[in-house]
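Okay, here's what each chain looks like letter by letter:
4 protein chains.
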Amino acid sequence: MIRFNCDYSEGAHPKILERLVQTNMEQTPGYGEDEHCRRAAQLIQKECGRQDVDVHFMVGGTQTNLTVISAALRPHQGVISADTGHVNVHESGAIEATGHKVLAQTGCPQGKLTAQMVRQVVESHYDDETQVHMVQPKMVYLSHPTELGTLYTKRELEALGQVCREKGLYLFLDGARLGYGLTAPGTDVTMADIARICDAFYIGGTKVGALFGEALVLANPALKEDFLYLIKQKGAMLAKGRLLGIQFEAMFEDGLYYEMGKAANQAAAVIRQACLQKGFSFLCDSPTNQQFPILPDEALPKLAEKYAFANFGKTDETHTAVRFCASWATPIEHAQALAQDLLAL
Amino acid sequence: MIRFNCDYSEGAHPKILERLVQTNMEQTPGYGEDEHCRRAAQLIQKECGRQDVDVHFMVGGTQTNLTVISAALRPHQGVISADTGHVNVHESGAIEATGHKVLAQTGCPQGKLTAQMVRQVVESHYDDETQVHMVQPKMVYLSHPTELGTLYTKRELEALGQVCREKGLYLFLDGARLGYGLTAPGTDVTMADIARICDAFYIGGTKVGALFGEALVLANPALKEDFLYLIKQKGAMLAKGRLLGIQFEAMFEDGLYYEMGKAANQAAAVIRQACLQKGFSFLCDSPTNQQFPILPDEALPKLAEKYAFANFGKTDETHTAVRFCASWATPIEHAQALAQDLLAL
Amino acid sequence: MIRFNCDYSEGAHPKILERLVQTNMEQTPGYGEDEHCRRAAQLIQKECGRQDVDVHFMVGGTQTNLTVISAALRPHQGVISADTGHVNVHESGAIEATGHKVLAQTGCPQGKLTAQMVRQVVESHYDDETQVHMVQPKMVYLSHPTELGTLYTKRELEALGQVCREKGLYLFLDGARLGYGLTAPGTDVTMADIARICDAFYIGGTKVGALFGEALVLANPALKEDFLYLIKQKGAMLAKGRLLGIQFEAMFEDGLYYEMGKAANQAAAVIRQACLQKGFSFLCDSPTNQQFPILPDEALPKLAEKYAFANFGKTDETHTAVRFCASWATPIEHAQALAQDLLAL
Amino acid sequence: MIRFNCDYSEGAHPKILERLVQTNMEQTPGYGEDEHCRRAAQLIQKECGRQDVDVHFMVGGTQTNLTVISAALRPHQGVISADTGHVNVHESGAIEATGHKVLAQTGCPQGKLTAQMVRQVVESHYDDETQVHMVQPKMVYLSHPTELGTLYTKRELEALGQVCREKGLYLFLDGARLGYGLTAPGTDVTMADIARICDAFYIGGTKVGALFGEALVLANPALKEDFLYLIKQKGAMLAKGRLLGIQFEAMFEDGLYYEMGKAANQAAAVIRQACLQKGFSFLCDSPTNQQFPILPDEALPKLAEKYAFANFGKTDETHTAVRFCASWATPIEHAQALAQDLLAL
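Chains as they are written, first to last, in this note's numbering: chain A, 247 to 591; chain B, 247 to 591; chain C, 247 to 591; chain D, 247 to 591.
Check the hints yourself; a few may be wrong.
A pair holds if it fits inside one copy or across any two, identical chains being indistinguishable in the list.
The calculated PhoX-like cross-link candidates involving lysine-lysine, where the alpha carbons are at most 25 Å apart (straight line), are [unchecked claim]:
(1) Lys560 x Lys400
(2) Lys413 x Lys470
(3) Lys400 x Lys548
(4) Lys413 x Lys560
(5) Lys508 x Lys400
(6) Lys292 x Lys548
(7) Lys470 x Lys524
(8) Lys560 x Lys470
In case anyone wonders, no lab produced these hints; they're calculated from the structure.
Bear in mind the structure is a predicted one, so any value in this text is a computation, not a measurement.
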């Protein structure tokens, strides 16, 4: 069984693991106050092209989302998200559990929020005397890549940043798969762009080759104050914080993070190419490590004998959308084997 | 200026106020432990046709909704509502502030949830291995009349009750305007039906002639346990609880509640008739005290000189939906005056 | 049975009720946007000696406390209170339910927090590198009169205000029984003092002669922003907000609030005098409407035949502390009757 | 600088790390659904002497505490803890942030709650008509070892279990340092005892030799229902759950966990012996890896030149309590060096 069902089936990139082994018996302070975290933060600031961002390391994505959102919002404020957004559907109500409504938007093209949508949501919440009876929109949450593997263009991000500044919203970008996004063919978005446009974002490690870990970047000073308290309160402060620093050091000191992203995208492209060649259509147009082809139903059991993949639901009476997910760890031969089997359908 | 903008522009029905005056200097225990509350509860049990329901008196609707929902749900559970539901849009995130997601459903016909929609929501949250990553639907919230003035039929309520029992959900009915619903022409739903079908519901006083107050009926034993703690915790326990008991006594000892409901519906029918006669269409088909005609835009400023009413948004380039709201306090002459002015447009 | 068990056994002062009757059929906007609320707010600003405070009307004390505290604090912040404080023991965890720790202080002399205690709490939470592992103290909550009927002096309040400003804390005063405090013999504290020293406080109506209602005064601009959203979200926004405005108008337009306070204190003084004469000691030294004498156990059943009062626990093997509570509605003859029965023990 | 300031200064025991390296490229399902987690759970069930407990793996202690407590309690319920308990002071309000009060008890002998204290707390919350105005005690939280390194005896635990059953409370044991407790000289408590007596407890990995991770054991069926939802919602579900399973497999398949505990206790005993020999007194009587001697103030700067340790506050004008913390990683030579320096003071 070859697993294309997600991008976290293996442990970590061997170079990262090796670094954990090398540093194992060092004695360091806890809670992220060590030299590895400090250096990893500096490496990330360099990628961001700015020294004035705070970098915090956390363990997982849901944890990071709920900590950032609950730290940023007052009780009556909510966060705008695509209805397909991770915070809306796949966090078991984590955001609501901290007290905040997710203002879910339907009809997002390619799973992406647009500046125009944000503007409309905000205006519909502020336009009359009963505005205090509604949740106040205060943050925009987006993921890059999205849950559907699609990417924002620099222009789209700029427009979102613009409307957020204009309306007094925070822009928060979930980069759980950022490595795959930054290295996708055709993207014009860099980490420095994101650090310039967004108030907060995170660089995903868990799904991009680390054992675990996300590096949160806080750019807006209003979000920085007392943030460590929130990390601790949400159970997100790792006692041996160095484990996160060491991993991000390894990923960012010589470009390993981007190498891993690129490799996954290349494996995914092999699968994508085979689907295009067979004339399969796609749920959406993803240049990243996740591919969502729509397959004839009879193909599924055959493929399922050799491969694990996710079912994304029937699209018509005889077809089903699936997700094939490559990762930093996918051997190109595995992608090629799947491609051949798809072509042979 | 004649106010048709809501059903809480005046104080209370004079008979209710009179009763408060008569009882003013009685000394009673606090917190709803007095004889008036006891007797009011008995009167309501009689209307419900069952002695085994608990009755609690609270001050307002949002308060009642948030207390019931947070008492009933565990942290990972959510409540299904029409997207137009009060808990979804007009409570400033009150439900989320207690930690729970509102699973808002779009496309509800006439603002009403259907049994089929509930079934689909539940099934889409339980059908695969990742169900624990999603909020667990555990309650259905509906209002009767709905926010759009429409009514469920007995058959529709029975079907909702059936699917809730089948799927293990609580059925909770918000009756902020129940008096107008129970007395609407053509309805086949009685309070006893509601008490039989629902796990919990409340009988609105604030919008139906009381100074303030809602009578919550808990039928499902699972919802009764320790409920007083929740009332207290949410700041919903009135020190002089008797004020609520006295009002509901007055409303239910000789049918005043229904009289008030009927009077408002009749006033609304006068307005409705005029709109039909002019060929105006309606946002939805309401037999209750709220009417939502769609008017030509040029009519609005003229009407606004004499009447207060709510704007429900443009329906096309030259028309706007509005709400005229009659109440227990609306003199029939006011409705007739508006009807004439509508006909004269 | 004569009730001395609390100060909310009756309805409202007849003048207040009369005003509700007079205004009953006025049509007004809802949610506190009416002229009565506006005028009541102005009367209160005048009592405060400042025009720049916001005044909001709410229904009850627990509701007001939880709304103010959750509006003011970020998630990692807590509120310092005497361990006997209402928010610590008698609100069923209302404050914690909004996410905040009550930092309860033991050993408060006469039930009062001191500036020195506040300073120590703050310093013990900030003094080392692990401060982010602890709740951050951000508000001081006190009641005046306290739960034990005692009063702060102006000097004590000034000192608390000073330490709060110095340490960046908000000072919030719960005035559920403020009317009794402001009119107590010997007090040097006025409402203007409170409005000058505190960031927020409320003027209790429920326990001082209104049917219900508390007038919240927000002096610190940081607490004012978006406060109406919080009122709505906590279910604390009365649809017919005018009911609150009308009552506070009646209480503050010609000194009725103070008259009622004074009358209760005088009744309490009669009871107190009898206890002193009998040589009973007291739990604490209260000049207000609540008296806490320590009685020989055998006296209790006798008194309980004619009077309702609260038991505050055994103080030694043969004695028990009780509370006799006079109110605006207590006829002086009732206090005299109790005094005589006490003297006759 | 030799670090005795905590027990998480290093990475993981080499055997554990080695196992992570060996299994690194295995493809497994995520979220703890893998074979390693299954096997680790079985090993732990064996230690517990019961197959009917659920085992869940989580990342850290605060996370585990807040997830268990919020899963178990209804909104009006609270958890009884020693005032020195981790949930009360060192989790930045994590428990309150989930809505629950920590009912902190002062005066716990040796940092331990007693059955008698629990009984009194419960009785003081249930004894009169106003019980619904107070938080309802529903859980007892204790740590073993306590924050002060002390241990409950089997008899003390039995008594706590007894009072909890009698009063309908859950008994939850925080075993962040359980390995040190189970192997302490003189203890009569085994893991099977704990699994028999408690409703829930966790086996700490982070502080006892794992990279990170805690194994939560749920014995009471009432606590098991839907627990995975809560894990996910609190951001506590590790995508690569196997990392936890693999570590606990390594720790429990041949007694490594106990070996590590014993080694730390032995190192601590060396330090303890030196203190006793010098006649130093102790904050409390700890047989585990943490020692709290009271040193003359002038000794501190000298020791601080070579050793890191925690300051626990002045005990009188010339003395200060400190904490020396040994761990699974402490070479006995380091303890001996410190012992010598203590003796040489």
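Have a look at Lys413 and Lys470 and pick one of within, between, both or neither, based on CA distance no larger than 25 Å. This pair counts as both: shortest intra-copy Cα distance 20 Å, inter-copy 20 Å.
How would you label the pair Lys413, Lys560 (within, between, both, or neither) given a Cα cut-off of 25 Å? between (39 Å within a copy, 24 Å between copies)
For Lys508 and Lys400, with the copy left unspecified, which applies at a CA distance of at most 25 Å: within, between, both, or neither? within (19 Å within a copy, 58 Å between copies)
Is it within, between, both or neither when you check Lys400 against Lys548 at 25 Å Cα-Cα? neither (40 Å within a copy, 49 Å between copies)
With 25 Å as the alpha-carbon cut-off, assign the pair Lys292 and Lys548 to within, between, both or neither. This pair counts as neither: shortest intra-copy Cα distance 48 Å, inter-copy 40 Å.
How do Lys560 and Lys400 come out at 25 Å by Cα distance, when the copy is not named: within, between, both, or neither? The answer is neither: 33 Å in one copy and 35 Å across copies each exceed 25 Å.
Regarding Lys560 and Lys470, is the shortest C-alpha distance of 25 Å or less found within a copy, between copies, in both, or in neither? neither (44 Å within a copy, 34 Å between copies)
Up to 25 Å CA-CA - Lys524 versus Lys470, copy category: Neither way: Lys470 and Lys524 sit 50 Å apart in one copy and 48 Å across, limit 25 Å.
Hint compliance for this structure: hints 1, 3, 6, 7 and 8 are broken, all remaining hints hold.
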